[in-house]
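Protein chains in written order, with the numbering used here: chain R, 1127 to 1240; chain V, 14 to 127.
For the record, the hints were derived by calculation from the structure and aren't laboratory data.
Backbone N, C-alpha and C define an ideal beta-carbon position, used for all residues, glycine too.
Incorrect hints may appear among the rest.
[Said to hold, decoys possible] Taking lysine to aspartate or glutamate pairs in the DMTMM-like style, the calculated list, with each CA pair at most 20 Å apart, reads: (1) V:LYS51 - R:ASP1164; (2) V:LYS119 - R:GLU1185; (3) V:LYS119 - R:ASP1164; (4) V:LYS51 - R:ASP1233; (5) V:LYS119 - V:GLU23.
[Unchecked claim] Far from chain V by the CB rule (all over 10 Å, computed), these chain R residues: (6) MET1145; (7) THR1146; (8) SER1210; (9) SER1238.
[Stated by the list, open to error] Which residues of chain V face chain R? A few of them, derived with a C-beta cut under 10 Å, are: (10) TYR45; (11) TYR46; (12) TYR50; (13) SER55; (14) THR113; (15) GLY118; (16) ALA127.
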Amino acid sequence: NAGVTQTPKFQVLKTGQSMTLQCAQDMNHNSMYWYRQDPGMGLRLIYYSASEGTTDKGEVPNGYNVSRLNKREFSLRLESAAPSQTSVYFCASSPSADSNQPQHFGDGTRLSIL
Amino acid sequence: AQKVTQAQTEISVVEKEDVTLDCVYETRDTTYYLFWYKQPPSGELVFLIRRNSFDEQNEISGRYSWNFQKSTSSFNFTITASQVVDSAVYFCALKGRGNTPLVFGKGTRLSVIA
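Only chain V is shown next, with the shape it has when bound in the complex (with noise of 0.2 Å):
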């Protein structure tokens, strides 16, 4: 079975300070994919990342960046000089191989303070 566990359940920081949202993953398949999705405020859910198994190249896009690591079944991603405008709930997702359902994590709210 598919799991996605974010342990953070709400961060809060302070404006410009950077912030790592952890991400664990556990599936027997070999060949799966990783998401990164933003929910502001305003309820959208927003695409932000795909990742698949067998790239672990990090990734960074401009203040966001991704480490995935399949020796610890992680997927943290990182906020560099937070800004209030990314205060939102982040989810992490995974998908295995051929007709399998996206599998979400509970999510991390974060809230950045001005």
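The following block holds chain R by itself, in its conformation from the complex (with noise of 0.2 Å):
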């Protein structure tokens, strides 16, 4: 009964460190997404990935890596952290990207960059 899960939930970077979030879903689904969450921005779409094996950039790419690992996990990646990327992250999933399902949400990860 997990659903989306979003490892860590709470975390505190330096400018410069390199940090991975992770995410997982359990339930068969093909599509994933990242997204960040600012105060009064909403949500916004950081990659995605329609299927295993495919990525594709979002409205806000810039200074972020992905890698679907398998069906299951799909990874986000900063290199070089920067004080502007202090965000709340979510990662979901959904049956398919073409699909009008609704999308999954995990419980997000609150990233503060100092």
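Work from the hints to combine the two standalone chains into their complex.
Printed below as a string of structure tokens:
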């Protein structure tokens, strides 16, 4: 009954450090997504993976890389963290990218860059 | 391009009042899907409803109701007899047909005061 699991839940980094956010889903969904949420900005798509082996840029991809490790897992990497990347990060999944089914979200990772 | 506007940044009501959250969208697609999500203070995103563009029937679920009007490109959400537990940020989102991303509005923060 886990759905979408994100780790870690909280992290503090120093500017320039690297970090990988992990996401796993157990719903056998084909598509997975990474969003960031900033105050007053709603959720903005960073990257998504329509299916295993594919990734595409979203609205705000700069400064991030992603890896679709397998069907279950989709990670987000910050190679050199910047204070502007302080945000809450959400991972989501859906049956397919062209589906009208709702996306299921993880509980989020609160990331602070000092 | 897809766009969702939630003009109300914050709303505050007294318990038992009715409240309507506005959502206006823009799209050139003839087939599209609209969603509402709730984000309570605990931070997770909870799916509330999906509406297909070809189905303009309004929907009621308990104290919640949704009014979809294609003529005005709006998909408004009404909470009747609001309760403190309704306090949350509410997001409206739009997805076009095919492999297109889900686009979120900036959200409306609803505070229900006892």
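Tell me, in ascending order, the numbers of any earlier hints that this structure violates.
Hint 16 contradicted; others consistent.
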